[in-house]
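Trainee: Make the full structure from the sequences, and use the hints.
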Amino acid sequence: ITAYVDYTKATPGTLIPNTATVTSGGLEGNPANNTTPPLNVAVRGVDIAIMKTTEPTVMAVTAGQSFTYVIRATNTGTLDAQNVNVLDPLDTTYLMPTITAVPTVGTYTQSSGLWAIGNLGAGTTAELRITVTVKPGAAAGSSIPNTATLQTSGITPPEYNTINNSMSYSIPISASSVD
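Residue numbers are given in our numbering: position 160 of the sequence shown equals residue 167, and the series is strictly consecutive.
Hints were generated in silico from the structure; no laboratory data involved. Hints may contain errors.
Computed beta-carbon distance windows for the label pairs [what the hints assert, rightly or not]:
| no. | residue 1 | residue 2 | range |
| --- | --- | --- | --- |
| 1 | VAL77 | PRO104 | 14 to 24 Å |
| 2 | PRO96 | THR43 | 29 to 39 Å |
| 3 | THR107 | THR131 | 37 to 47 Å |
| 4 | THR28 | THR131 | 33 to 43 Å |
| 5 | ASN40 | LEU86 | 33 to 43 Å |
| 6 | SER118 | MET58 | 39 to 49 Å |
| 7 | THR107 | THR43 | 28 to 38 Å |
| 8 | SER177 | THR114 | 25 to 35 Å |
| 9 | ALA39 | PRO164 | 34 to 44 Å |
| 10 | THR131 | ALA182 | 41 to 51 Å |
| 11 | GLU62 | THR42 | 48 to 58 Å |
| 12 | ALA39 | ASN171 | 37 to 47 Å |
| 13 | ASN126 | THR30 | 47 to 57 Å |
Cβ atoms here follow ideal geometry from the backbone N, Cα and C, with glycine treated the same way.
Mentor: Right, dumping it as structure tokens:
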């Protein structure tokens, strides 16, 4: 017996239980073997998780200090993803306009904050490193907000787990040097 599952109607990441049972109208010598053990079939799909950190790890920054945002997009799903884009606009209030952006895959456009990854294979990770400098006149007590968000529209096959598609990071500006 061959069965096909229409993955567009099933929730990726879930299990579909499957058990086969044989019935007989005649004499049965061993009824204990008429049912198979349960077999769970995993529904395949795309699940891209966004992680964001800084290097070095910073708890606070001072005016004029440089640091690097590290953004990772990992396809934890079982299918390759196409048309993957992450939006990560930088705060222009507290950061200098000159940055260095180094993606391992795709391109990053500073003016829009768009990181166009393209294809992301199942089980693979793409990384974007953005080095920024805090403006010299940045006020102590303020915070530099930053959010990286997966753009789910256009991803094929569709991304099914949206709970891990965004990560925010807010770094306080301190009055004194922080080690």
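Trainee: Please test the hint of 33 to 43 Å on the beta carbon pair from ASN40 and LEU86.
Mentor: 36 Å, holds
Trainee: That 37 to 47 Å hint for ALA39 and ASN171 (C-beta), does it hold up?
Mentor: 45 Å, holds
Trainee: Evaluate the given range 39 to 49 Å for the C-beta pair formed by SER118 and MET58.
Mentor: 24 Å, violated
Trainee: That 47 to 57 Å hint for ASN126 and THR30 (C-beta), does it hold up?
Mentor: 48 Å, holds
Trainee: Between THR107 and THR131, does the beta-carbon spacing fit 37 to 47 Å?
Mentor: 24 Å, violated
Trainee: Has the hinted range 33 to 43 Å been met by the Cβ atoms of THR28 and THR131?
Mentor: Distance hint for THR28, THR131 holds at roughly 41 Å.
Trainee: Would you say the C-beta atoms of ALA39 and PRO164 sit inside 34 to 44 Å of each other?
Mentor: Given a distance of about 42 Å, which is inside 34 to 44 Å, the answer is holds.
Trainee: Does the Cβ distance between VAL77 and PRO104 fall inside 14 to 24 Å?
Mentor: Holds: the Cβ-Cβ distance is about 21 Å, inside 14 to 24 Å.
Trainee: How does the Cβ-Cβ distance of THR131 and ALA182 compare with 41 to 51 Å: does it lie in that range?
Mentor: At 42 Å between Cβs, range holds.
Trainee: Take a look at whether the Cβ-Cβ distance between SER177 and THR114 falls inside 25 to 35 Å.
Mentor: Between SER177 and THR114, where Cβ atoms are some 26 Å apart, the hint holds.
Trainee: Does the beta carbon distance between THR107 and THR43 stay inside 28 to 38 Å, or does it fall outside?
Mentor: 58 Å Cβ-Cβ, so the 28 to 38 Å window is violated.
Trainee: Return holds or violated for the Cβ distance of PRO96 and THR43 against the range 29 to 39 Å.
Mentor: 54 Å, violated
Hint compliance for this structure: hints 2, 3, 6, 7 are broken, all remaining hints hold.
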